[in-house]
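So you can see what is in the structure, the chains are spelled out below.
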Amino acid sequence: MASLSHCHMRRISCLGLKRRQFSFVAYAAVYGYVGVSAVLIRDMNDGTAILGYFVFTGVVMLLALVHIARHFGRKA
Amino acid sequence: MRAYSASREEALRARDLLKDWRGEGLLTAEQYHRMEQETVCELRRTNIFLRLVLFFFTLIIVGAAVGLFFAVFFSHPGDQTIGIFLLIFAALSYGATEIAVSKAQLYRYGIEEALAACSVGFLCVGTQFAFFSGFFSSQTPVGTGFLVPAAGAIASLWTWHRFGLPYASLAAMIFAVWLPGYWTSSPTGQHLIVAALYSAGLEDSELCLSSSAKAWITQTAQ
Chain A
1 MASLSHCHMR RISCLGLKRR QFSFVAYAAV YGYVGVSAVL IRDMNDGTAI LGYFVFTGVV
61 MLLALVHIAR HFGRKA
Chain B
1001 MRAYSASREE ALRARDLLKD WRGEGLLTAE QYHRMEQETV CELRRTNIFL RLVLFFFTLI
1061 IVGAAVGLFF AVFFSHPGDQ TIGIFLLIFA ALSYGATEIA VSKAQLYRYG IEEALAACSV
1121 GFLCVGTQFA FFSGFFSSQT PVGTGFLVPA AGAIASLWTW HRFGLPYASL AAMIFAVWLP
1181 GYWTSSPTGQ HLIVAALYSA GLEDSELCLS SSAKAWITQT AQ
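Chains A and B, in that order, give the protein sequences.
Residue numbering for the first sequence follows the working numbering, beginning at 1 and increasing consecutively.
Residue numbering for the second sequence follows the working numbering, beginning at 1001 and increasing consecutively.
Honestly, the hints are just simulated from the structure, not real lab data.
Hints should not be assumed to be uniformly reliable.
[Stated by the list, open to error] Facing chain B, according to a computed beta carbon distance under 7 angstroms, are these residues of chain A, among others:
#, residue
1, S23
2, M44
3, L51
4, V55
5, G58
As the structure is a computational prediction, the values presented were derived from the model and not from experiment.
Positions of the beta carbon are idealized from the N, C-alpha and C atoms, including for glycine.
In isolation and in its complexed conformation, chain B is listed as follows (with noise of 0.2 angstroms):
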């Protein structure tokens, strides 16, 4: 389920310790060249502020392309077939970040990241306009407006797994307080249905904390 194996992201944290030790002199240059070269791993990092940057300009890219797939394309698009296409973008995105994680193993190097979020982003506007009619149309069906979050949360729950975006989750949780407003009217039972979504969200964090902890566990008395 996870795009990164679990020796894999083990051996980045067993470098970044490395290199914190290094840092505070409790390893000699020969120690830390020895053990960096016994933790070495393909996956490709950069520090935070190219990070931050090759973000901001992926998203800016893909954003640009989607406007201007629609510009040359379509003169006056209803929004059917904007939402329709949205969820095609979303799906292409979302191809892409599979793509940028297993061939050039990128690892939290913000392509990726922008690439996932604009999946996320396009599939919930594009649920919103192919199956609503739009963001501010009168037509929307009773009752199956929680699609719009609940795609969202799904999403973005999905995306934490696969690829360990902790954000992710927090965008999860900022859906779910979406979610109840569509089933009840009453404050306490949508702080209720709140509750009880993170509770559940927690118990299942505290599943997959626990089953990689036992793996890691079996892998180290291997």
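Chain A with its partners taken away, still in its complex shape (with noise of 0.2 angstroms):
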């Protein structure tokens, strides 16, 4: 379920980057994010692990969408 997810994420974020249309790029980086850690953190027992995990995806997350911002987004 989750490299389904995963899968479908790439799919729509790809489409959306192809066609310059942001919302699908949101969409697909929410919606994406919030099933594969679903499915991630659902065996997780380990508080520590779970804030751990998302501070790191957080991070790498807010990282690789900063990144698209720059090539593909709004400069002032």
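Since each chain sits alone in its own frame, please combine them into the complex, following the hints.
This is the structure:
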């Protein structure tokens, strides 16, 4: 399910980047992240590990999105 | 007082107008490019979708980082310890907002907005925990409970004045609604106090707008 969600997220975000439709990228980022995270942390029982997961993956997602924004977003 | 100078915000508005005019066919490509070069601004913006997503992920990171801090360094922290550290995190979040605005030149980018929102949230929750022993305690000192919404309202108003985030003023209004409940039990009295607070806020906004309009007229005349 996680890999399916990941593939779906990648396809939608690629479509969004190709067509320069940022709503697709945003949709894919949020829903993909929520879907993959829900599956991955389902079996985690350690609160510290879950929080660490959110910090690490959140930073990775933020950096990736800032990278996308720099290349495709609007610079004033 | 404002983090962004009036001239830079004016340049951003001018660029938006240019884009609109170009889209409507009022400007040729050559005119558009020439006028665009005259309104260059170093502030970094992004579109609304990425702005929302960046806001969301910044909230996740900050919230999880604070939770991780408490999970790693404290096994069973007391309410006052939590409150004091949340107040420290509020200050750190605000400092990060200032750095994001002044160094990274972020403008309505989502990241700095989420940091500012976190600083207001941490301030309110931290004040509650530090001075009133948590949310569910019955030990709230009489007469000082208004400090939490007052701190939230003041911090929101400051955020609005400093960074110009329109929803910060809305947050200040929501905090202001909670204030009279600590002072009087009469519904009429509460309504009157809220009305007085909103009138004062409106007057303040009008003064700010008129002063910025005067500054703009003076700048344009020069």
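Cross-check of the supplied hints:
no.: 1; hint: S23; verdict: holds, 5 angstroms
no.: 2; hint: M44; verdict: violated, 13 angstroms
no.: 3; hint: L51; verdict: holds, 4 angstroms
no.: 4; hint: V55; verdict: holds, 5 angstroms
no.: 5; hint: G58; verdict: holds, 4 angstroms
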